[in-house]
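**Student:** Each chain, letter by letter, is given below.
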Amino acid sequence: MSLDSVRKTPLYDAHAALGGRLVEFAGWALPVQYEGVIAEHKAVRERAGLFDVSHMGEVEVKGPQALDALNRVITNDLNRIVDGQALYTCMCLPNGGIVDDLVVYRFSREHFFICVNASNRDKDFKHIAGNLGPGAQAVDRGDDYAQLALQGPRAAEILQPLTDTPLKPIGSYHFAAGKVADRNAIISRTGYTGEDGFELYIAPGDAEAVWNALLESGKPHGLAPCGLGCRDSLRLEMKYALYGNDIDESTNPLEAGLGWVVKFNKGDFIGRSALQAIKSAGIPRRLAGFEVTGRGIARHGYAIRSAHGTGVVTSGTHSPSLNIPIGMGYVPAADASPGTALWIDVRGKEVEARVADTPFLKRKPA
Amino acid sequence: MSIPAELKYTKDHEWARVSGDTITVGITFHAQDQLGDVVFVELPKAGTVVRKGATFGVVESTKAVSDLYAPVSGKVIEVNEALADAPEQINKDPYGAAWMIKVEFSDAGELSSLMDAAAYQEYVSSSAP
Chain A
1 MSLDSVRKTP
11 LYDAHAALGG
21 RLVEFAGWAL
31 PVQYEGVIAE
41 HKAVRERAGL
51 FDVSHMGEVE
61 VKGPQALDAL
71 NRVITNDLNR
81 IVDGQALYTC
91 MCLPNGGIVD
101 DLVVYRFSRE
111 HFFICVNASN
121 RDKDFKHIAG
131 NLGPGAQAVD
141 RGDDYAQLAL
151 QGPRAAEILQ
161 PLTDTPLKPI
171 GSYHFAAGKV
181 ADRNAIISRT
191 GYTGEDGFEL
201 YIAPGDAEAV
211 WNALLESGKP
221 HGLAPCGLGC
231 RDSLRLEMKY
241 ALYGNDIDES
251 TNPLEAGLGW
261 VVKFNKGDFI
271 GRSALQAIKS
281 AGIPRRLAGF
291 EVTGRGIARH
301 GYAIRSAHGT
311 GVVTSGTHSP
321 SLNIPIGMGY
331 VPAADASPGT
341 ALWIDVRGKE
351 VEARVADTPF
361 LKRKPA
Chain B
1001 MSIPAELKYT
1011 KDHEWARVSG
1021 DTITVGITFH
1031 AQDQLGDVVF
1041 VELPKAGTVV
1051 RKGATFGVVE
1061 STKAVSDLYA
1071 PVSGKVIEVN
1081 EALADAPEQI
1091 NKDPYGAAWM
1101 IKVEFSDAGE
1111 LSSLMDAAAY
1121 QEYVSSSAP
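Protein sequence lines correspond, in order, to chains A and B. Quick note, the first sequence lines up with residues 1 to 366 if you use my numbering. Quick note, the second sequence lines up with residues 1001 to 1129 if you use my numbering.
Each hint should be verified, as a subset may be incorrect.
What the hints assert, rightly or not - In silico contact screen, one side only, chain A against chain B (beta carbon under 8 Å); selected entries:
1. I38
2. S233
3. R295
4. G296
5. I297
6. R299
7. A303
To be verified - Distance condition first, Cα-Cα at most 30 Å in a straight line; then the derived DSSO-like pairs of lysine-lysine:
8. K266/A - K62/A
9. K1063/B - K8/A
10. K1052/B - K1011/B
11. K1011/B - K349/A
12. K349/A - K1092/B
13. K42/A - K1092/B
14. K349/A - K1075/B
15. K1052/B - K349/A
16. K1063/B - K123/A
17. K168/A - K362/A
18. K1075/B - K1092/B
19. K8/A - K179/A
20. K219/A - K8/A
21. K349/A - K1063/B
22. K1045/B - K126/A
23. K1011/B - K1045/B
24. K8/A - K62/A
25. K219/A - K126/A
26. K1045/B - K349/A
27. K42/A - K168/A
28. K168/A - K8/A
29. K42/A - K8/A
30. K219/A - K1092/B
31. K1102/B - K1075/B
32. K42/A - K1011/B
33. K362/A - K1063/B
34. K1075/B - K1052/B
35. K1102/B - K219/A
Because the hints were derived from the structure by calculation, they are not lab data. C-beta: ideal position from N, C-alpha, C; glycine also.
Can you make the complete structure from the sequences, with help from the hints?
**Tutor:** Laid out in structure tokens, this is it:
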């Protein structure tokens, strides 16, 4: 496979030098693994892992009306967070379909910073810029930031020696502007793994220095450079949705288990009336997590049969932490409760599964 | 790259160890390396008749599904049942503990279509990503 036509993050050479296996993902060349998916997965759960997520897009929204303008574009409510706090949200089409899922950082009522999925960067920017209305402007900052994710129970111990910013006061889904290894960084206590950890937004030119400083600081803690492979298995164990797999424009937040980021009482927002109607009519299908109890691994697109109809697998893998095949998929709402039997068509063979209590991994960040 | 000299190889990255009128079959070091961590393997039952080039089983890694292709036609006379519970052996010891099936072949002439170690080495290096 040729990676010539895809974009390279500032860490491309660093990945290659570390033995990372580079693949194309969302138009970017990124490592799928270094040592191996399972070893990296366990490193993150037990110690810490370092991910290059520079492919993620960034959009900045500024202006005197920024809060209200952006609040009309997203489903969650920016009034629920304070300056220095971050918010997970969806943004929807007028019909309730999910344009993307995002993390919005509130610097002030007049200044927000948004992290968007790489595959949706252009679409999201147009959607946000086109819908803000007066008093706020969007700027695509995707080329101005590299992003590193330091994840795992030892993340704070590894990061603290590299920054004067005290990490302890930064709670989950909070952030601070500071310096890491003498480089400017947005230090955010967020992640996509279910572990404690940080996401660092830095200038692309600083990425390699910060990456290397973290690897060095992490050495005594068993920090492992990690690829996309374990990023997927880690997020799946937490039942975090992946855009393009579990959610997209043909799905809505209510059926995807993201009703908690839809705030109907905050005032009008794009998709509100459609979502209200869907909720009133009753949600016919639900995104359910499942364990495969028979032999086989369910993969994206496999058909599901259950007592009240059919469904489809949206994500599936082998769980390295639980050592069983797990996955998620849309099933009839009547068959979405934990314990319900499902049958999954694994390449022509019906394999038994059952709806699981999720997240699959019961674990609280430290 | 580990390519034992005494084995025969397919273009689908299976290896075959010929002994009398049977062959032992597994996947190569290169194959397991490309797959990554193997987490599932499905093999036929003893007695199954396999056809050269047709699938006889499946291996899955954390990331991908890959079919297994029979190097020659014949009858499966033994299956490595231990692999079902220890698929990671395919990564650890692809030419040893992770043998998959033994096949009593029906046409010795089919063996000549398999690559020797030198040819497989050449094949892997020319098709490498």
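**Student:** Now look at each hint and say whether the structure bears it out.
**Tutor:** Hint by hint, here is what the structure shows:
1. I38: With a closest approach of 5 Å, the I38/A hint holds.
2. S233: 6 Å, holds
3. R295: At 7 Å from the nearest chain B Cβ, R295/A passes the 8 Å test, so the hint holds.
4. G296: Holds, because the Cβ-Cβ distance from G296/A to chain B comes to roughly 7 Å (cut-off 8 Å).
5. I297: I297/A check passes; min Cβ-Cβ to chain B is 5 Å, inside 8 Å.
6. R299: With a minimum Cβ separation of about 7 Å from chain B (threshold 8 Å), the hint on R299/A holds.
7. A303: 16 Å, violated
8. K266/A - K62/A: Measuring from Cα to Cα gives roughly 20 Å; hence the hint holds.
9. K1063/B - K8/A: Roughly 22 Å separates the two Cα atoms, so the pair holds.
10. K1052/B - K1011/B: Roughly 12 Å separates the two Cα atoms, so the pair holds.
11. K1011/B - K349/A: The given pair, whose Cα atoms are some 27 Å apart, holds under the 30 Å limit.
12. K349/A - K1092/B: 29 Å, holds
13. K42/A - K1092/B: It holds: about 18 Å lies between the C-alpha atoms, which stays within 30 Å.
14. K349/A - K1075/B: 23 Å, holds
15. K1052/B - K349/A: Holds, because 23 Å separates the two Cα atoms, which is no more than 30 Å.
16. K1063/B - K123/A: 28 Å, holds
17. K168/A - K362/A: It holds: about 23 Å lies between the C-alpha atoms, which stays within 30 Å.
18. K1075/B - K1092/B: Answer holds: K1075/B to K1092/B is near 27 Å, not above 30 Å.
19. K8/A - K179/A: Holds: K8/A and K179/A sit about 25 Å apart, inside 30 Å.
20. K219/A - K8/A: Between K219/A and K8/A the Cα gap is close to 26 Å, so the pair holds against 30 Å.
21. K349/A - K1063/B: 20 Å, holds
22. K1045/B - K126/A: The hint is violated at about 56 Å.
23. K1011/B - K1045/B: 24 Å, holds
24. K8/A - K62/A: Since the Cα atoms of K8/A and K62/A sit roughly 29 Å apart, the hinted pair holds (cutoff 30 Å).
25. K219/A - K126/A: Violated, at about 42 Å.
26. K1045/B - K349/A: Given pair K1045/B, K349/A holds - Cα atoms ~16 Å apart, limit 30 Å.
27. K42/A - K168/A: 24 Å, holds
28. K168/A - K8/A: 34 Å, violated
29. K42/A - K8/A: 27 Å, holds
30. K219/A - K1092/B: 26 Å, holds
31. K1102/B - K1075/B: 8 Å, holds
32. K42/A - K1011/B: 34 Å, violated
33. K362/A - K1063/B: Since the Cα atoms of K362/A and K1063/B sit roughly 24 Å apart, the hinted pair holds (cutoff 30 Å).
34. K1075/B - K1052/B: Within the cut-off at roughly 11 Å; holds.
35. K1102/B - K219/A: Roughly 45 Å separates the two Cα atoms, so the pair is violated.
Hints 7, 22, 25, 28, 32 and 35 from the list above are not met by this structure, while the remaining hints are.
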